[in-house]
Amino acid sequence: MIEFDYTLRIVALGAAVLGVTAGALGTFAVLRGQSLLGDAIAHAALPGVVLAFLAMGAKAPLGLALGAGVAGWLGALAVGSVVRRSRVPLDAALGIVLAVFFGIGLVLLTFAQRIPGLNPAGLSDYLFGQAAALVAADVWLMGILGGLALLAMAVCWKELKVLLFDPDFAHSVGFPVRALDVLLTTLLVISIVVGLQTVGVVLMSAILIAPGAAARQWSNTLGGVVGLAAVFGAVSGVSGALISAAIPRLPTGPTIVLCASAIVAVSLLAAPGRGLIARWIETLRSRRTLQTVGVLEDLYTLALRHGDLAKEHPAATLQTMTARPERVQPTLRALEAKGWVRPVGDDGWALTDDGLGAVRQFARNHDRET
Amino acid sequence: MPNTQNAIRHPLALDVADLTVAYGEAPVLWDIDLQIPEGVLCAIVGPNGAGKTTFIKAVLELVPKAAGRVLVLGTPYRRQRRRVAYVPQRGTVDWDFPTTALDVVTMGTYGRLGWVRRPGAKEKADSRAALEQVGMGDYADRQIAQLSGGQQQRVFLARALVQDADLYLMDEPFQGVDATTEKAIVTLLQDLREAGKTVLVVHHDLQTVPEYFDWAFLLNVRRIAAGPVDEVFTDATLRAAYGGRVPFQASNGAVSGSARLGTEVDLAQSSTSSPESPS
Numbered sequence: 001m002i003e004f005d006y007t008l009r010i011v012a013l014g015a016a017v018l019g020v021t022a023g024a025l026g027t028f029a030v031l032r033g034q035s036l037l038g039d040a041i042a043h044a045a046l047p048g049v050v051l052a053f054l055a056m057g058a059k060a061p062l063g064l065a066l067g068a069g070v071a072g073w074l075g076a077l078a079v080g081s082v083v084r085r086s087r088v089p090l091d092a093a094l095g096i097v098l099a100v101f102f103g104i105g106l107v108l109l110t111f112a113q114r115i116p117g118l119n120p121a122g123l124s125d126y127l128f129g130q131a132a133a134l135v136a137a138d139v140w141l142m143g144i145l146g147g148l149a150l151l152a153m154a155v156c157w158k159e160l161k162v163l164l165f166d167p168d169f170a171h172s173v174g175f176p177v178r179a180l181d182v183l184l185t186t187l188l189v190i191s192i193v194v195g196l197q198t199v200g201v202v203l204m205s206a207i208l209i210a211p212g213a214a215a216r217q218w219s220n221t222l223g224g225v226v227g228l229a230a231v232f233g234a235v236s237g238v239s240g241a242l243i244s245a246a247i248p249r250l251p252t253g254p255t256i257v258l259c260a261s262a263i264v265a266v267s268l269l270a271a272p273g274r275g276l277i278a279r280w281i282e283t284l285r286s287r288r289t290l291q292t293v294g295v296l297e298d299l300y301t302l303a304l305r306h307g308d309l310a311k312e313h314p315a316a317t318l319q320t321m322t323a324r325p326e327r328v329q330p331t332l333r334a335l336e337a338k339g340w341v342r343p344v345g346d347d348g349w350a351l352t353d354d355g356l357g358a359v360r361q362f363a364r365n366h367d368r369e370t
Numbered sequence: 001m002p003n004t005q006n007a008i009r010h011p012l013a014l015d016v017a018d019l020t021v022a023y024g025e026a027p028v029l030w031d032i033d034l035q036i037p038e039g040v041l042c043a044i045v046g047p048n049g050a051g052k053t054t055f056i057k058a059v060l061e062l063v064p065k066a067a068g069r070v071l072v073l074g075t076p077y078r079r080q081r082r083r084v085a086y087v088p089q090r091g092t093v094d095w096d097f098p099t100t101a102l103d104v105v106t107m108g109t110y111g112r113l114g115w116v117r118r119p120g121a122k123e124k125a126d127s128r129a130a131l132e133q134v135g136m137g138d139y140a141d142r143q144i145a146q147l148s149g150g151q152q153q154r155v156f157l158a159r160a161l162v163q164d165a166d167l168y169l170m171d172e173p174f175q176g177v178d179a180t181t182e183k184a185i186v187t188l189l190q191d192l193r194e195a196g197k198t199v200l201v202v203h204h205d206l207q208t209v210p211e212y213f214d215w216a217f218l219l220n221v222r223r224i225a226a227g228p229v230d231e232v233f234t235d236a237t238l239r240a241a242y243g244g245r246v247p248f249q250a251s252n253g254a255v256s257g258s259a260r261l262g263t264e265v266d267l268a269q270s271s272t273s274s275p276e277s278p279s
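Just so you know, the sequences run in chain order F and Z. Residue 345 in our numbering sits at position 345 of the first sequence, with consecutive numbering throughout. Residue 2 in our numbering sits at position 2 of the second sequence, with consecutive numbering throughout.
It cannot be assumed that every hint is accurate.
Claimed, not checked - With the C-beta cut set under 7 Å, the calculated list includes, among others, these residues of chain Z facing chain F:
#, residue
1, MET107
2, GLY111
3, ALA140
4, ASN220
Said to hold, decoys possible - So these bits of chain F aren't anywhere near chain Z, every CB distance computed over 12 Å:
#, residue
5, ASN220
6, LEU269
7, PRO330
As the list claims (entries may be wrong) - So the derived list for chain F, only partly shown, Cβ under 7 Å to chain Z, looks like this:
#, residue
8, ASP166
9, SER172
10, TRP218
11, LEU222
12, VAL231
13, THR283
14, SER286
15, GLU336
16, LYS338
It is worth saying that the hints were derived from the structure and are not from the lab. All of these numbers come straight from a predicted model, not from anything done at the bench. The beta-carbon is built from N, C-alpha and C at its ideal position, and this holds for glycine as well.
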């Protein structure tokens, strides 16, 4: 029982480290417009993992991480040079590099499994991730690597921020944009190496992108978005890892990604201001305001035309002046409740003094906005 | 108005010789020679695709030169970065970036802070003052996506002001700005000139060039003309720059701001702006 708790604690800790690192650093990649670079790097890391295993003949965590890092870095380099030296656009270059490196990785993986005397069991866990296989040494390594990457991020915070927002300006005040981009890519590679064993190469990009995308919904400052993305990453990492550790043979990567996706879905729907629900309510409200203002202005126009601002006009006339005549009566009643119009006689409506003030205020606001 | 003798004795703000820039095969700038003295407010004028933005970017070494030499305030740009402020076109950045107006302006202090050091109370105060200067003091903590185009433009301007440079390069700072703001910005630019700074502005509205600027640089891939406005801003040079189809005539009356408003807005205005007269 104690043994089980210990394993679970290791798994949860590892998943938290991976979530914080990938969530925070992935946000930078998303804001730099490099969301899919992480996908290419993660896939490109696979041949590095297998080659490192073949070279060592064993699964030492540091060696495998080094192999993954070097191969991932070469993948990023390949993307960059394909874009610079050819007419191939970025998305195609990402696709090419991803497919080539991943293909090589799969071939090597099959090859490694056929060599007698080697024990490659667990190597295929790198495809979809397996948190239950994490041991203390793995988590130590993840923690050190992730900690170093986050430290570098904190030290170069303002340089990275100006690089993300306005690279031309960053260059003009003297920051080496190329070098900062290399730093950012390196941090991305490190966060991928940290998460590779737990999440797997196939879905690693999701844990880089999803927390940042969700966090952006809730915060309007870079610090807020990055911090929140780290929290979201940790929450999805820990919950996914624990679920997959509790259920035998359930790969960890997909479970973590489903948890992150749930956070994204909630954020897209429910976040104040940017969420779909908030925007839907905003649309309804502004449509109602437009109707209100429209009817009020129509009444004002009629009054002006008759040279008598207090003169009443039938609702039927107002209905001919709008695209949605069925809304005129309810709108008039809403305006009456505000005290901006008053009913006169059977079917007549006239502006009150308050209504007159309101319509002029709207006109002034409108002038200011145009 | 700077007299020419002064201009020769003082170092040049910008000294460009044989500048050529090419994207692929086609030259975008061809053999440009240009000398701008210190303390002038200079319009960079030319048709679309004339290379105005590329010219600024070449000076700032944002695009590689195929040939030529650029001296900024007497020495290569690399050694003068702190003395140069750049206002890019508004459309070149993502305004949905999670940051505030004040934070963007504070980026203007990053150059003098150098690596690692964070902006402190003094930098924040300077940035706030620059925002006040462009009339955006009330919007310091606003998320930048919630600003109008003209307000975003003013945030960029404030970022350049806080750099406290000697040479300002501005790429269409009047784009999307209403008439009142435009006048305010022009006053600001003229104040910079009075303080001895040099300001180069990519400008599209030929109508206002003689009114706003004292120098002009007419460009269409090649240098067409450069010098004091009253000398170089003529029908002949404009025709040379715009290939005969000059979108401007000196005799033409000023285009009023209301021409930009749609018909419906005009109607609404005419019905609401004179409510007292009929009654």
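Quick rundown of the hints versus the structure:
1. Hint status for MET107/Z relative to chain F: holds, with the closest Cβ pair at about 5 Å, below 7 Å.
2. Against a cut-off of 7 Å between C-beta atoms, the interface hint on GLY111/Z holds, since the closest Cβ of chain F lies about 3 Å away.
3. For the restraint placing ALA140/Z at the interface with chain F, the shortest Cβ-Cβ distance is roughly 13 Å, beyond the 7 Å limit, so the hint is violated.
4. Below 7 Å, beta-carbon pairs count as interface contacts, and ASN220/Z has none with chain F, the closest being about 24 Å; its hint is therefore violated.
5. Non-interface call for ASN220/F relative to chain Z: violated, since the shortest CB-CB distance, roughly 4 Å, does not exceed 12 Å.
6. The non-interface label for LEU269/F is consistent with chain Z: the shortest C-beta to C-beta separation is roughly 19 Å, beyond 12 Å.
7. With a minimum CB-CB distance of about 23 Å to chain Z, PRO330/F clears the 12 Å threshold, and the non-interface call stands.
8. Interface restraint check for ASP166/F: the shortest CB-CB distance to chain Z comes to about 5 Å, inside 7 Å, so the restraint holds.
9. The interface hint given for SER172/F is met, as the beta carbon of that residue sits about 4 Å from the closest beta carbon of chain Z, less than 7 Å.
10. For TRP218/F, the suggested interface contact is broken, since its CB lies about 10 Å from the closest CB of chain Z, more than 7 Å.
11. A distance limit of 7 Å between C-beta atoms decides the matter here; for LEU222/F the minimum to chain Z is near 5 Å, and the interface restraint holds.
12. With its C-beta approaching chain Z no nearer than about 16 Å, VAL231/F sits outside the 7 Å limit, and its interface hint is violated.
13. Here the hint on THR283/F is broken, as its CB sits about 17 Å from the closest CB of chain Z, past 7 Å.
14. Using the Cβ-Cβ criterion of 7 Å, the hint placing SER286/F at the interface with chain Z is not satisfied: the shortest such distance is roughly 15 Å.
15. The criterion of a C-beta within 7 Å of any C-beta in chain Z is not met by GLU336/F, whose closest approach is roughly 22 Å, and the hint is violated.
16. Because the beta carbon of LYS338/F sits about 19 Å from the nearest beta carbon in chain Z, more than 7 Å, this interface hint is broken.
The earlier numbered hints that this structure contradicts are 3, 4, 5, 10, 12, 13, 14, 15, 16.
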